[in-house]
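Those sequence lines, one after another, are chains X and C.
Note that the first sequence covers residues 226 to 868 in the numbering used here.
Note that the second sequence covers residues 5 to 237 in the numbering used here.
Since no wrong hints were added, every one of them can be taken at face value.
Simulated coverage check for chain C against chain X, where a stretch passes if three residues somewhere in it have a Cβ under 8 Å from a Cβ of chain X:
(1) 16–24
(2) 27–35
(3) 41–49
(4) 85–99
Calculated directly from the structure, the hints in this document are not laboratory data.
Because the structure is a prediction, the values reported are computed rather than measured.
Glycine is no exception: its CB is placed at the ideal position from the N, C-alpha and C atoms.
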Amino acid sequence: MRDYKLALSDEILMQVEKPARYIGNEVNAVNKANDPNVDIRFAMCFPDVYEIGMSHLGIQILYDMFNQWEDVWCERVYSPWVDLDKIMREKNIPLFALESQDPIKDFDFLGITIQYEMCYTNILQVLDLAGIPLRTKSRTWEHPIVVGGGPCVYNPEPIADFFDIFYIGEGETRFRELIDLYKEAKANGDSRESFLRKAAQIPGMYVPGLYEVTYKEDGTIASFEPIFEELPRTIHKEMVTDVSNTYYPMKPVVPFIKVTQDRVVLEIQRGCIRGCRFCQAGQLYRPVRERDVEVLKKYAVEMLKNTGHEEISLSSLSSSDYSQLEELVNFLIDECKATSTNISLPSLRIDAFSLDVMSKVQDVKKSSLTFAPEAGSQRLRNVINKGLTEEVILQGSALAFKGGWSRVKLYFMLGLPTETEEDIRGIAELSNKIASTYFEVVPKEERKGAPVQIVASTSFFIPKPFTPFQWARMNTKEEFIEKAYITRRAVMEQLNQKRIKYNWHEADVSIIEGVLARGDRKLADAIEMIYKKGCIFDSWTEYYKNDVWLESLAECGLDPAFYTTRERSLDEIFPWDFLDCGVTKEFLMREWKKALNEEVSLNCKTQCQGCGANKYGVGICTVDRTAKCEVVTESSNEAEGGN
Amino acid sequence: MRVRIKFSKHGVVKFIGHLDIMRYFQKAIRRAGIDVTYTTGFSPHQVMSFAAPLGVGHYSNGEYLDIEVNSHNGRQDMIDRLNGAMVPGIVIENIVALGDNAGNAMASVAAAGYTLEWKDGYEVPSNLEEVVFEFFGQECIMVTKQTKKSTLELDLKPGIYEIEATADSIYMLVDASSSGNIKPTLLLEAFYSFVGKEFDPLAIQITREETYTDIGKNGKRELVPLDAVGEDF
Chain X
226 MRDYKLALSD EILMQVEKPA RYIGNEVNAV NKANDPNVDI RFAMCFPDVY
276 EIGMSHLGIQ ILYDMFNQWE DVWCERVYSP WVDLDKIMRE KNIPLFALES
326 QDPIKDFDFL GITIQYEMCY TNILQVLDLA GIPLRTKSRT WEHPIVVGGG
376 PCVYNPEPIA DFFDIFYIGE GETRFRELID LYKEAKANGD SRESFLRKAA
426 QIPGMYVPGL YEVTYKEDGT IASFEPIFEE LPRTIHKEMV TDVSNTYYPM
476 KPVVPFIKVT QDRVVLEIQR GCIRGCRFCQ AGQLYRPVRE RDVEVLKKYA
526 VEMLKNTGHE EISLSSLSSS DYSQLEELVN FLIDECKATS TNISLPSLRI
576 DAFSLDVMSK VQDVKKSSLT FAPEAGSQRL RNVINKGLTE EVILQGSALA
626 FKGGWSRVKL YFMLGLPTET EEDIRGIAEL SNKIASTYFE VVPKEERKGA
676 PVQIVASTSF FIPKPFTPFQ WARMNTKEEF IEKAYITRRA VMEQLNQKRI
726 KYNWHEADVS IIEGVLARGD RKLADAIEMI YKKGCIFDSW TEYYKNDVWL
776 ESLAECGLDP AFYTTRERSL DEIFPWDFLD CGVTKEFLMR EWKKALNEEV
826 SLNCKTQCQG CGANKYGVGI CTVDRTAKCE VVTESSNEAE GGN
Chain C
5 MRVRIKFSKH GVVKFIGHLD IMRYFQKAIR RAGIDVTYTT GFSPHQVMSF
55 AAPLGVGHYS NGEYLDIEVN SHNGRQDMID RLNGAMVPGI VIENIVALGD
105 NAGNAMASVA AAGYTLEWKD GYEVPSNLEE VVFEFFGQEC IMVTKQTKKS
155 TLELDLKPGI YEIEATADSI YMLVDASSSG NIKPTLLLEA FYSFVGKEFD
205 PLAIQITREE TYTDIGKNGK RELVPLDAVG EDF
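Using the sequences and the accompanying hints, generate a full structural model.
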């Protein structure tokens with residue numbers, strides 16, 4: 226035991242914060258060090274600190290999948306925290322994987338999950354510390370194949386130069402093919418270029434170096450073309466068709482230190498029926514696919530046993546829409562009671578059922594209710610297609626207040642398309658009405674303990690690719706700040722203002738996130754410059770350097786307004802148009818127009834909106850619905866990429 | 005029934021701090037399928053008491069925790085189940101049943117024995133055996149202890165029960181009770197200042213060899229390992 230190899234010396238580990246981030250050896254970590262069958266070394270990276278990265282379900286799923294394959298050893302790697310980052314640079318210590326503690330540079334693949342835009346400098350940190358050239362064009366067979374995945378690859382263009390391959394879509398489906406192709410290429414002595422060219426023909430694989438972009442004089446895209454004829458002009462997302470019959474980690478790795486998600490996570494379904502127009506996930510993961518409830522029960526029991534976690538949590542974009550929720554939750558309540566396990570239930574619609582469940586699994590006095598109306602007025606909620614009405618919120622609150630709850634959290638966005646001052650004031654007014662509801666439904670003599678408290682939080686709206694709002698103009702920093710000020714003033718004018726607490730987000734970082742979200746390849750130089758000026762961990766407020774971002778963008782001749790506040794015409798070619806996420810551009814455009822007309826669209830369970838995802842023939846699309854398909858299929862989206 | 009678990013800790017897990025080791029055992033006990041007793045309420049906790057926190061970076065051959073169980077299949081079964089749920093580096097060495105009158109692990113701690121060894125690449129003070137003998141021979145061993153509120157002048161001598169050295173290691177048996185705990189690093193600091201050298205905590209690998217409780221009567225000290233007060237089951 227005393228000889229277990231570590232990449233870092235005692236001296237270093239004793240001087241950095243939380244050395245357990247770097248030693249591996251956790252429960253259920255897979256060690257194939259002496260396994261002769263291992264042919265492929267795969268390093269799976271979440272480019273943020275260990276505690277964040279270890280909380281990510283997607284990596285646990287893929288880690289389990291890869292390690293089930295005899296010829297592959299998949300290991301984990303995270304961003305070294307700033308203290309270790311500094312030491313590794315000073316002492317020239319190469320970045321290493323947790324399990325083997327071997328340098329990443331010696332691996333066959335480096336897979337990086339890209340979950341949010343503000344981690345882009347951390348991707349460069351990982352490549353740089355590993356000793357891998359930052360740009361795909363400078364890499365050789367000496368370096369791992371760098372593969373990007375996750376939601377941000379639905380617009381990978383700002384970071385296209387840094388990746389060899391982007392895997393578009395769900396990771397369970399095509400890695401086997403990619404790895405087999407790699408083994409074949411190595412056995413045949415093929416060049417790296419030739420391998421990548423073949424890889425680009427595997428469905429879902431986008432090899433950015435094999436595509437060329439030309440721009441118009443105004444900076445928008447003129448053309449986007451593959452440089453070889455055999456390459457697809459459109460890259461279609463990969464999707465798991467049967468989510469009950471696929472990989473799911475029965476033995477997830479259990480960290481020693483407390484991480485953000487310190488519990489068993491049960492993904493009950495993928496996708497969402499709701500179609501909120503600001504939400505990217507709601508479009509990307511269509512169609513909604515439910516996991517079989519019996520399978521989930523089995524998973525829950527097994528995973529709790531294998532991890533020893535004291536808590537289990539359900540995960541999905543909208544758990545209340547899971548058709549077998551009641552059965553699953555009742556099962557878990559019984560199971561968890563017997564094993565003294567806590568249940569955490571996020572994103573439930575507030576109704577009699579969920580309140581009853583919550584009162585069984587948590588201390589009512591200590592917990593709070595959460596609503597996400599997202600917009601202050603019904604008019605604006607129609608624009609964004611958020612089905613939640615004031616009536617539902619007030620009824621839910623009344624029920625909850627009668628049940629003993631007295632704390633309510635509300636989430637809103639500022640800067641949504643068509644927003645007026647009236648809509649903004651609606652945030653304060655709705656908060657006030659909820660407070661009033663408390664005083665109406667809870668008689669004076671029953672108001673014990675802490676008085677009712679409403680916490681309203683606003684974030685700033687950032688238009689994302691593949692949403693109906695991809696055409697929307699984003700607000701300026703000044704507009705955002707003015708809107709937060711209007712909200713605050715409106716809250717202070719309310720009768721129950723003392724019962725309302727208002728929080729708002731930082732505007733600076735939202736602007737940069739807006740630039741990256743709808744950015745193009747021109748941003749790569751700026752991102753590299755920003756990284757080289759010392760920026761990492763941009764998603765951490767204390768390390769985010771706004772002036773460096775702005776000054777570097779300017780030095781690269783880029784104007785943030787081009788990406789954020791510019792009005793986009795309906796026929797503009799977007800940087801991400803060559804990708805097919807399952808929904809058609811026609812559908813998104815239709816939804817955008819409906820939004821501007823304040824028209825709502827029904828959810829997938831009630832009526833098909835003809836988004837295009839029914840081409841997969843799975844999930845909700847195969848269910849017979851009450852209202853029939855309004856618009857059947859649109860023209861095939863094959864031609865979309867290049868026009 | 006209350007049981008006392010003895011475990012050792014070596015290898016890379018020396019970097020796991022005390023609070024994380026507690027969390028680790030809570031999960032390990034669940035994985036092992038031990039019928040452990042929980043507190044009631046909305047967030048139930050295992051009834052658990054750790055003896056003495058071990059510093060980050062230290063090895064140990066004598067760590068203890070007490071848990072309460074509702075049922076069991078005997079001592080060996082419990083040892084095997086727990087060992088099946090351990091990570092490399094942590095080994096369950098023994099489990100004993102505690103009588104009703106036994107104090108909990110934390111309150112029972114009276115002393116601990118430590119071995120101090122110089123790591124590769126660090127210089128062992130010359131004539132270690134002699135110097136340690138001289139050091140211990142002092143009438144009092146004064147140190148300044150930094151607390152949250154103030155600095156304390158402290159004599160370590162009464163809390164050192166045994167100290168001996170070889171050419172390249174030191175063994176010491178010292179007070180580890182809540183009121184008089186002597187951290188080995190504090191003693192080392194005093195030692196280095198005695199030999200007139202700068203103390204580098206990274207130079208020395210500390211191993212806690214055993215944790216002791218005092219079963220002596222009438223003020224007479226009689227130290228036995230923490231699992232000596234329990235019984236087989």
